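Visitor: First residue of the sequence shown: 11, per the numbering used here; consecutive thereafter.
Because the hints were derived from the structure by calculation, they are not lab data. Note that the coordinates shown come from a computational prediction; the quantities given were computed from them, not determined experimentally. C-beta atoms are modelled at their ideal positions from N, C-alpha and C, and glycine is treated no differently. Among the hints, erroneous ones may be present.
Within a straight-line C-alpha distance of at most 25 Å, the following computed DMTMM-like cross-link-like pairs (lysine to aspartate or glutamate) qualify [claimed, not checked]:
1. Lys52 with Asp27
2. Lys34 with Glu101
3. Lys52 with Glu90
4. Lys52 with Glu26
5. Lys52 with Asp83
6. Lys52 with Glu12
7. Lys52 with Asp89
8. Lys34 with Asp20
9. Lys34 with Glu50
10. Lys52 with Asp87
11. Lys34 with Asp64
12. Lys52 with Asp64
13. Lys52 with Asp30
14. Lys34 with Glu12
Pair ranges (Cβ atoms, derived) [stated by the list, open to error]:
15. Asp87 with Asp30: 35 to 41 Å
16. Lys34 with Glu12: 16 to 22 Å
17. Asp20 with Val114: 31 to 37 Å
18. Pro38 with Asp83: 15 to 21 Å
19. Glu90 with Asp27: 22 to 28 Å
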Amino acid sequence: GEMNIVYLSDISRMLEDTLDYILKTLPPTDILVVDSLLMEQKHNTHFSLEQALDLISSIRPRQTAYIVGMNCDAFPDHDEMNSQLQSISIEGVPSVQLAHDGLVLSM
């Protein structure tokens, strides 16, 4: 069947109308791709990791949430960070992980 991918980059806040559209008008989200420039520090044009995780928790993609746009100096090593993300449980979200260059999604 078809998969629904929601891609949110360069996001610093989620408008309620936009979130309602994603949740109530679009088909259920299978894969969510969301921006997170920094781990903790807020930025005026990008989500922090905490903000990204909150949004992932709201949208609850059925398959995977990928985090993109990371500042490599602000995050731990890619594999280490993915291990940390695996230990975070978000109800209804099977997998949260950092994306990487060359990532290919099976659809």
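Visitor: Hint compliance check: list the failing hint numbers for this structure, sorted ascending.
Guide: Of the numbered hints, 6, 9, 17, 18, 19 do not hold.
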